[in-house]
Amino acid sequence: MGFSRRSFIQLASLAAAGSALGLRPFGVMNALAQTSQDYKALVCVFLFGGNDANNTIIPFDTAGYDNYASLRGPLALAQNSLLPLTPTPGFALNPNLPDIQALFNTKNAAFVTNVGTLIQPTTRAQYLAKQVTTPSNLFSHPDQQLEWQNLAQSSSTPTGWGGRIADKLNVQYNPGSQIPMVVSLDGDTLFCNGASTSPASVLAGNVGTGSCSEHSACASRLQTAQQLATFSSGFSLVQADNEITSNSYNYSKVLINALKSGSPLQTVFPTTNNPIGAQLQQIAQIIQVRAALGVKRQIFFAGFGNFDTHGNQLASQSALLAELSPSLAAFYQATVELGIASQVTTFTASDFSRCFQPNSGGGTDHAWGSHHMVIGGAVKGGQMYGTFPTLALAGPDDSGSNGRWVPSTASVQYAATLAQWFGVAPSDLPTIFPNIGNFQNNNLDFV
Amino acid sequence: MISRALRRGCGYAVAGCLCFLLTGCAGWAGSSGGDTPPVPVTSTAAARILDQGTFGPTTSSIQHVQQVGFNIFLNEQFNTPATLVADIPNPNPVQCNQFTTAQRNCAQSAWLQIALTGNDQLRQRVAYALSEIWVTSTLEIDGRAMTPYLNLLAKDAFTNYRTIMQDVTLSPAMGNYLNMLNSNLPKNGEIANENYARELMQLFTTGVYLLNEDGSLQLDSNGNPIPVYTEDQVQAFARVYTGWTYANSDGSAPSTFPNETKNYDSPMAAVESHHDMQAKAILSGVTLPAGQTAENDLQDALDNIFNYPNVGPFVCKQLIQHLVSSTPSPAYVERVAKVFADDGSGVRGDMQAVITAILLDPEARANDADTGDSTPSVDGGHLREPILWTTAVARGLNAQSSNTDPTNLYPYIQLASLIGGIGEAPLESASVFNFFPPSYVIPLTTLNAPEFGIENTGTVIPRLSMADRLVNNNNDTLTVNLSAASSLGQLAASNPGQLVDSLGATLMHGQMPSAMRSAIVAEISGISDPAQRVRLAVYLITTSSVYKVVN
Chain H
987 MGFSRRSFIQ LASLAAAGSA LGLRPFGVMN ALAQTSQDYK ALVCVFLFGG
1037 NDANNTIIPF DTAGYDNYAS LRGPLALAQN SLLPLTPTPG FALNPNLPDI
1087 QALFNTKNAA FVTNVGTLIQ PTTRAQYLAK QVTTPSNLFS HPDQQLEWQN
1137 LAQSSSTPTG WGGRIADKLN VQYNPGSQIP MVVSLDGDTL FCNGASTSPA
1187 SVLAGNVGTG SCSEHSACAS RLQTAQQLAT FSSGFSLVQA DNEITSNSYN
1237 YSKVLINALK SGSPLQTVFP TTNNPIGAQL QQIAQIIQVR AALGVKRQIF
1287 FAGFGNFDTH GNQLASQSAL LAELSPSLAA FYQATVELGI ASQVTTFTAS
1337 DFSRCFQPNS GGGTDHAWGS HHMVIGGAVK GGQMYGTFPT LALAGPDDSG
1387 SNGRWVPSTA SVQYAATLAQ WFGVAPSDLP TIFPNIGNFQ NNNLDFV
Chain R
-2 MISRALRRGC GYAVAGCLCF LLTGCAGWAG SSGGDTPPVP VTSTAAARIL
48 DQGTFGPTTS SIQHVQQVGF NIFLNEQFNT PATLVADIPN PNPVQCNQFT
98 TAQRNCAQSA WLQIALTGND QLRQRVAYAL SEIWVTSTLE IDGRAMTPYL
148 NLLAKDAFTN YRTIMQDVTL SPAMGNYLNM LNSNLPKNGE IANENYAREL
198 MQLFTTGVYL LNEDGSLQLD SNGNPIPVYT EDQVQAFARV YTGWTYANSD
248 GSAPSTFPNE TKNYDSPMAA VESHHDMQAK AILSGVTLPA GQTAENDLQD
298 ALDNIFNYPN VGPFVCKQLI QHLVSSTPSP AYVERVAKVF ADDGSGVRGD
348 MQAVITAILL DPEARANDAD TGDSTPSVDG GHLREPILWT TAVARGLNAQ
398 SSNTDPTNLY PYIQLASLIG GIGEAPLESA SVFNFFPPSY VIPLTTLNAP
448 EFGIENTGTV IPRLSMADRL VNNNNDTLTV NLSAASSLGQ LAASNPGQLV
498 DSLGATLMHG QMPSAMRSAI VAEISGISDP AQRVRLAVYL ITTSSVYKVV
548 N
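Line by line, the protein sequences give chains H and R.
Per this note's numbering, the very first residue in the first sequence carries number 987; after that it's consecutive.
Per this note's numbering, the very first residue in the second sequence carries number -2; after that it's consecutive.
The set of hints was computed from the structure by calculation and includes no laboratory data.
Beta carbons: idealized from backbone N, C-alpha and C, even for Gly.
Some hints here could point you the wrong way.
As the list claims (entries may be wrong) - Chain R regions said to be covered by chain H (calculated; three or more residues, Cβ under 8 Å): (1) 139 to 149; (2) 187 to 193; (3) 221 to 231; (4) 373 to 379; (5) 446 to 452; (6) 514 to 520.
Start from the sequences, fold in the hints, and give me the full structure.
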């Protein structure tokens, strides 16, 4: 399969590009205007399609690199192109991630290695002997996206862990706020849905109430349209769409009003043909007006990708990482500008990693454990957490013989660590992450 | 799942239902159709089946179906040849060069024109549903590969599912999209590309879990779903699909691999020396023997998958969801899946029989006799996705092309772009998982409603703007006549209630709830300009959830 940007986000990013140019001399006042207060935001950047972690963080010592290069064959990145990581000299980064290199070297970013979907701790031997329960359909995109976003909470109404955090914390932190705790910049995603809360969806660079060409009749047209959305129907789907429509009218009004209170950010985002840059810019703009929105906790979801590099991987992944790297850096810079760098933590997630062994078409196939980035002033940066896999086909970390690494850290541990930083009490973890008790450590201490 | 009261068996389609229930209607598609006397149907029933089986009812199509009845209508449509998209000329016509993605935009324009104006409406609508199962996308493949693919789906829509499997598998479009094209015999240290092998089963034929014939999951003794295939089987199928590349321009197999000369018009061809000839253990305990040709491996593998019991319920449920209802009852799925398994003549995968079974099923027809205020006989329907919402609005308002230049082969380019702005650019799915996933469940509910995957508080707003644009002719592509002098304008001037009823008959099957009618009449009665009355009424109808969810 191939995941690509959504075309309406492409359109939106064109609109967003204009606002980046609107610099004002008072932009620097942003940090002062909003005095530091109790506020935290978690930002999920989901790399759809399954980013190849094996070409994201690469062994850099001679023996490690030589082993990597011999097995990766045509997909091996040249050693002299890699970006060294000063605090962890045995590893280097993909050449298209210079901003991540800088954030890591300045201790504002960390990596969590070989993290993936698990129900319980699992070894290669246990997996091969089917001695443990593992997530269903391990190498399927939709199943593993949902697994990452849901973390094995099953019920008749599917929910995700971002939504379940909001269920737990919204009343405590955001009483009286007119918009949900969770805001998605990439449409409907399970991660955002709670059992009692649902997200607001926002199109990057395109917050509005819709255009109207009817002049003096516009107000009454809007009123009647809103009235129609309140009529009850015997059709469940009409009821559901009425609710979405009513919420849409309400949220867009709240957001438009709040966004008027912010002066343009000085930080310039790469938004031209860069949907993730546009999404992160919109998130920064919403965070900027957090006081007007009446929120002390926010969770954002951004999505990006066509990381499903079955073919032509070197070119495709390079292009994507080259868009991702400056976008994440600009977002971090915007949080510095707003004076809340240590109150915003950004993390990546993805369906899965990709086989260490290349396929016959210049690409790689679906795998399992992956490496992820965590960025922000609160991150205990410049370190790699977890256990880096042994890069050997049919080796101690391989689930088979193609280099699909059995995760040594569970995505639920990764998520629970972020949730606790955000404000979830340890006693509430089992509600939000039902399988967390299967793992010895519920806090990886990277933030 | 939601409750569903099937109070009326057949509504007005009594003869159709009896035919279906007794025989599966296998004979309709063929020669016997002309022998069946027309069974008149109400305008509501006609409009409903047209909303399910076309790109939107029109005043004239409603009248036609009323006159000939369902059976003859379906038979006519089965016998209407496919409207084909012409190859995009090379070099690009000047209209195509206004965007950097010229071939994509030309393909979109050509397809939209057929969807809006083609006489083969049922064929094109089924082909569109198939394109949302067998997804390819011009985000990754050339528009010049897409146009033959669109024609393939239109030509195959009324054939057999096995034919569709064969033709799509060997199409250069799918070959490009999911990497079967030029998938090579793996060298030492490599594995065969698994992309097509996995998705052909996961998305196009079997799904990932064993199903009962009614589409529900089979469960093991611990209550867990049971996988259809293993990773080893995916790898075996991956090796089946090795060795295929572009055919020569005359359709013959090339001598070199990969063949770098693009040929989007012929099925891919095999170069045997690049095919993996090891034995392959595939589904149902079958092992393809070592030494088979690429062609023999492919036929055996596709037969193996096609005959897997999951295919009927997996595919039929999705076709029902695309055409009729997001939430079919298990019994509805089972009735259609049985027709997939056997059309009554012992044929598996007969698409005409399957489509007939879907559209004439009692559950599809149950609401034909409802009024807008009655409790729905079946709580079903599905959300109009942005593309189908746009086509239905345009056709319902008798929109005409604004183009006056007869040399312009691609006058719908801007419309495609505008539909992209409301979240669903034609032929540009973000992934092989389509614009929205079949498994999507609306938040805070248990409703599996795929199209809601792109309906959220963000995407609602641009659709409002699009409705404003369409009723005001604020676009380069379509012109609607909502003027004071138009028939709708004249109705609006004399009687706002009649205007709303007239719009309701075409756009809402005559099933507009009375509270909605009253609110719209009250709104437009305060306006003096008849044209503005029409615009406001159309806007309010088409942006309402009652309209957006087609029932």
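* To do: With a C-beta cutoff of 8 Å, work out whether three or more residues of the stretch 187 to 193 of chain R approach chain H closely enough for the coverage to hold.
  => holds (count 6)
* How does the coverage statement for the stretch 446 to 452 of chain R fare against chain H, requiring three or more residues with Cβ below 8 Å from a Cβ of that chain? -> holds (count 5)
* To do: Would you check chain H against the stretch 139 to 149 of chain R, counting CB to CB pairs closer than 8 Å, and say if three or more residues qualify?
  => violated (count 0)
* To do: Check, residue by residue, whether the stretch 514 to 520 of chain R contains three or more positions whose beta-carbon lies closer than 8 Å to a beta-carbon of chain H, and give the verdict.
  => holds (count 4)
* Report holds or violated for chain H covering the stretch 221 to 231 of chain R, Cβ cut-off 8 Å, minimum 3 residues. => Contact hint for the stretch 221 to 231 of chain R vs chain H: holds, 5 residues under 8 Å.
* **Verdict on chain H covering the stretch 373 to 379 of chain R, where coverage means 3 or more residues with a C-beta closer than 8 Å** => holds (count 5)
Hint compliance for this structure: hint 1 is the single one not met.
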